[in-house]
Amino acid sequence: MRVGIEVGGTFTDLVAVDRESLRTAKVPSTPASPDLGAMNAIEAAGLDPAGIEELVHGSTVATNAVLERKGAAVCLFVTKGTRDLLLLQRHDKEAIYDLRYRKPEPVVPRRHVVEIDERMAADGAAIKAPDHAAVADLVRRVLADGHYEAAAVCFLHAYANPDHERTVAGIIRELAPSLPVTCSSDVTREFREYERASTTALAAYVQPVMAGYVNRFAAALAGRGFAGRFSIMQSNGGRMPAEAMARNAISALFSGPAAGVVGAVRSVAGAGYRNLITLDMGGTSTDVALIADGRPELASMTRIDGLPVKTPVIDIVTVGAGGGSIAWVDDGGLLRTGPGSAGAMPGPACYRRGGDRPTVTDAHLVRGTLRPDAFLGGRMEVDREAARRVCGPLAERFAVTVEEIADNVVRLAEVSIVRAIQRVSTERGRDPRDYVLVPFGGAGPLHAARVAEDLAIGTVIVPPNAGVLSASGLLLSDHVHYRTRTRRLAVTQANMADIRNTVELLQAEARDYLAGLGVETGADFDRVLDMRYLGQAFEVSVPLSDPDLERLGAEDLVSLFGEAHRRIFEFAKPHGDPVEVVSFRVGVRAPPPPMPAMAGPQAGRAGGRGSTRLTERGEALDAGLLSRADLGPAAARGPLLIDDGSATIYVPPGWTAARDGHDNAVLRKETTP
Amino acid sequence: MKVSPVDQAVITQALIAAADEMGIKLVRSAHSPVVREAQDCSAAILDRKGRVVSQADLIPIQLGSVTHTFRACLEHHPLETLREGDFLVNNDPYSGGQHLPDIFLFSPIFLDGVLIGVTATVVHHIDLGGGAPGLNPDAGDVHEEGITFPPSCYSVERDWNGGPFERLVRANVRMPEATIGDINAQFAANAVGGERLKGLCRKFGMDTVFSAMDEMLDYSERRIRAAIRAAPDGVYSGEAWLDDDGAGDEPVPVRAGLTIDGDSIAVDFAGTAPQVATNMNSPFASTVSSAIACIKAVLTDPDIPFNEGAERAITVTAPYGCLVNPRPPAPVRARLLPSYRVVNAVMNALAGAVPEKVIAPGFDTTTVSCISHKHVGGYNIYLEIFGGGYGAGPGNDGCDAVDSMLSNCSNIPIEAMESDYPFFRVEDYSLRAASGGGGRQRGGMGFQRIYRILDDGVTFATYGDRFRFAAQGLFGGGPGAKAETFVERGGQRIPLKSKQQFPLSPGDRLTVRTGGGGGYGPAGERNPGLAERDRLDGFRSNPG
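Line by line, the protein sequences are chains A and B.
Mind the numbering: the first sequence is residues 3 to 675 in our numbering, read in order.
Mind the numbering: the second sequence is residues 253 to 796 in our numbering, read in order.
Misleading hints may appear alongside valid ones.
[As the list claims (entries may be wrong)] With a straight-line Cα cutoff of 25 Å, these simulated SDA-like cross-link-like pairs (lysine to any residue) come out:
#	chain 1	residue 1	chain 2	residue 2
1	A	Lys575	B	Phe417
2	A	Lys82	B	Lys301
3	A	Lys671	A	Asp333
4	A	Lys575	B	Ala423
5	A	Lys82	B	Leu706
6	B	Lys455	A	Leu457
7	B	Lys609	A	Tyr103
8	A	Lys130	B	Asp707
9	B	Lys450	A	Val116
10	A	Lys82	A	Val116
11	A	Lys130	B	Val739
12	B	Lys254	A	Thr428
13	B	Lys455	A	Thr428
14	A	Lys575	A	Pro595
15	A	Lys72	B	Leu782
16	B	Lys455	A	Val116
17	A	Lys82	B	Ile368
18	A	Lys82	B	Ser671
19	B	Lys455	A	Gly394
20	A	Lys130	B	Thr763
21	B	Lys626	A	Arg425
22	B	Lys626	A	Gly537
23	B	Lys254	A	Arg425
24	B	Lys450	B	Asp390
25	A	Lys130	B	Leu706
26	A	Lys575	B	Gly414
27	A	Lys575	B	Ala479
28	B	Lys450	A	Ala556
29	B	Lys254	A	Gly394
Derived by calculation from the structure, the hints in this document are not laboratory data.
Extracted from the complex, chain A is given alone in its bound form (with noise of 0.2 Å):
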């Protein structure tokens, strides 16, 4: 038996695979400790973790730690003179007309920097190594107290050289051999001070929460008899062993929406789709993500809080827009639906917890695109007339009717989710339209069809159990493992043996580290040079299949080059202008062993067939209403609204659905003779 569990806000989610069969449950969270809601998972769906070979966890203890600065009490060590470096950033404002603008909050007070009197060259030459009495000195009387959980070290330049990183590392280790020492040089090695110590305090900062988050977990395991390998889904979609988690837990900041994304990549591989774009829509927010050729793009950065993390993560682009997105007014008389969102409570209107805003969800029940009666499959009641009575006034205010402005407020919202796919696809030089769209989460697939018409998407696919994807992701994950390093090199022919030692080292690396944790892994490589002409600033990420690094030579290199920097910024420069490699990404995978078919017993009550009224795109429509299982290989048109137990399918007018033979849903837009 292997078994994913995938912990949410409100929702903890399993599912258990063995030989032939699948199931999978759904059980409220317990955000006060996360892993009970996980044993309770397990319980509900009756397995006895004796019989669990396999446990893939993901779960938002690191995030949440972060959000809610509950995470470990840290000592950052810098260089002499740069003790500020949290608290300066980068000098520059994120809204620039706010007289009141604060910078986000470091997750390391001042008091908790120290500096220690050390310094390397940009080439990595020391100029002043640190002294090592003077430095086990300050060591000791900093850690006096004991009232540090773990320490920090980042000091200039240490992307060149770790020398003294290391050098100091081992002072505090020796003084305080229980704390754990995190240094940039392990976490990240790359250039931009601010950046790499911003990445390094974070790592240790959430690293013992962490820590003691997967032993406690996998102690409860252990008691109930569980003996079988244990593993942990990091941001950049792959897992790793839970006790390496342990001790990278900045790997696993943003591993929630990942592992969705990696579910619906694994999902629809079967029926052959590799390049789609995912839009996972939930309360508050919706995320989208663009995968090209099977594999999820990696960004090299990323925000938490607003602050910068600099590890490999999917490069997924969040909107504030989900179900429970308010609508209103501005004062320049414009509508508008979100950013502001009615949260799990009070929630939508007609949840009747005192919601008294407008949401999405209130919008799509007023214009009957849902159903009261197949809420979360009927399992939860709502108010249609508390939804209809919130609508009014805004209704009024344009003169049109409730079901015409209920419309608008979804249409919305759909513009905000087609702005969200445009910035992970044109903006980065690739055409949505050679792109399936895979929607999942409550609401993904009742817009998909018409957020994918906005882009000209042709196709939409819903994969089975799309209400459960992260949880199955995490089962479907390949062991991944990334190695970074800046090192600037020209590319020119008597580089290139260069060039090709360095990736060649990092697989190396990558590879017996994962080794070391008892991982095998063939041949399968992620290499990501980050290029740039020389004297620009900002690298274009240059990947590099198997024949490219065989045949590696300075023209090819820079013609893939020139390609990527064409795709992004629409120019290439003349061949001859010089070209550099600043940094090299490497990961290397293992894939999980094959997975029965995902398809399980089909959601959706059967039977519910008959029509319903709607309103949408400001036509009133007459929509057939079908079950999930009711769906067969052949086209059925729409306008239809779908029940798939967990979410409700709807398919406008001019598309049509139908089951492929691996239980996806697909929609596909009919050609205009």
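On the provided structure of chain A, position chain B as indicated by the hints.
Relative to chain A, chain B alone:
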């Protein structure tokens, strides 16, 4: 033609997004650290009549000038004469521009032969010739500050990419590779914006897009007017002072008279000092941008799209020949200094109308740190723009060590600097822990940067202010710390002036310190929790 609310929302969002995308791509493909790390650049989309409809939120003072520089171009090259493949250029402070380094570049966009709009970018270029690399603090007129490109129209095919205009630029600047690279980044960003604009017109039809653009201008105007209407009518006045003109010792006043009348505001600068002989004059376009930026920040929601519609409700006038509306050929390189006093004077006047909405004066000074290195092969020029502490607000401490209001430059990472400029090393970059003005809310702190000079042939050039007059507190708050700059050489401390050029030698230690913001409310009313937190972190308010 009336556009449906949904189409309006789609087109509005797309145009704002297109301007943002232009800005991001400009930064990412540029060459000079002043653009790529410090982000001293802006981007905008203009409609078919040359009105700014959307802008990337980058540098407020540059954005306000896009309209004025383009209008000046149109006087010589009317819209109907523009052809596909043309570009227009202008950096003339006396034709709507800012200072010479800010080159405004415009690309008219055509679809099926019809002009559908114009994309615009502005970049602060590292060096455009003149009497000294990067910055000539001693310039006596605008000609000594560098080369002027008057409002003109060229053809990309004929005049750029090795053509005569490119060769003209190349021949007149000290770091031609960086400058040409940065102008190419402007062309590329303009092209990206052009593609987005064409895509929108293809999808919605030109007429719908044109109508939606008209509505964007009206919409911003409506929202600004609504905000002004909420402020009490009346005539208010404010003033602010510069230390000096950089040559003499006389303080230089900026005075603003502000009239709120229903839903419009008029600002006049009568009583402001006459223009000065040094580079501290604010071209009129800078003055207008600064006054409008201040009014917008104080009165309105930050989410009002800033476009030409926003300017309709505000009129700005100033006597010709004064500090904030100088006659040519007065030098203007340090124009942000008087522009910031424009902000302070207008804010000071607004304090009379809406005391609950203003903040205390901040350091509000652009301090330029320019270190150039002349070597056998040519020049290498480092230039960075420093802010300081923000003034405290009614409910918040002032932001520490951040660029001031009219600008939004990032710092250049030490690790990038030391790799690009091997002629110095940064020994210290830290907050000035006792520089924020005391008060119920503390003023933001300034910071210091210490450079160790490592080679011969190095020169420091700077301009700044608040060496004599600190940012004052508001409603009982204390003043922020003043700025200072000095060089340590052989055990001796050589104080530098706020505006000067100074040759450096290997081993010199150069310290640049920026000041803090004023406090808000009496210090005795400070929340003890906040006071304790400051104490633990080693922060104290400025002893005054």
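Okay, the hints, checked on the actual structure:
| no. | hint | verdict |
| --- | --- | --- |
| 1 | Lys575(A) to Phe417(B) | holds (19 Å) |
| 2 | Lys82(A) to Lys301(B) | violated (56 Å) |
| 3 | Lys671(A) to Asp333(A) | violated (38 Å) |
| 4 | Lys575(A) to Ala423(B) | holds (21 Å) |
| 5 | Lys82(A) to Leu706(B) | holds (19 Å) |
| 6 | Lys455(B) to Leu457(A) | holds (11 Å) |
| 7 | Lys609(B) to Tyr103(A) | holds (14 Å) |
| 8 | Lys130(A) to Asp707(B) | holds (19 Å) |
| 9 | Lys450(B) to Val116(A) | violated (54 Å) |
| 10 | Lys82(A) to Val116(A) | holds (8 Å) |
| 11 | Lys130(A) to Val739(B) | holds (23 Å) |
| 12 | Lys254(B) to Thr428(A) | violated (28 Å) |
| 13 | Lys455(B) to Thr428(A) | holds (15 Å) |
| 14 | Lys575(A) to Pro595(A) | violated (45 Å) |
| 15 | Lys72(A) to Leu782(B) | holds (20 Å) |
| 16 | Lys455(B) to Val116(A) | violated (57 Å) |
| 17 | Lys82(A) to Ile368(B) | violated (55 Å) |
| 18 | Lys82(A) to Ser671(B) | holds (19 Å) |
| 19 | Lys455(B) to Gly394(A) | violated (32 Å) |
| 20 | Lys130(A) to Thr763(B) | holds (21 Å) |
| 21 | Lys626(B) to Arg425(A) | violated (43 Å) |
| 22 | Lys626(B) to Gly537(A) | holds (19 Å) |
| 23 | Lys254(B) to Arg425(A) | violated (28 Å) |
| 24 | Lys450(B) to Asp390(B) | violated (46 Å) |
| 25 | Lys130(A) to Leu706(B) | holds (16 Å) |
| 26 | Lys575(A) to Gly414(B) | holds (13 Å) |
| 27 | Lys575(A) to Ala479(B) | violated (48 Å) |
| 28 | Lys450(B) to Ala556(A) | violated (37 Å) |
| 29 | Lys254(B) to Gly394(A) | holds (24 Å) |
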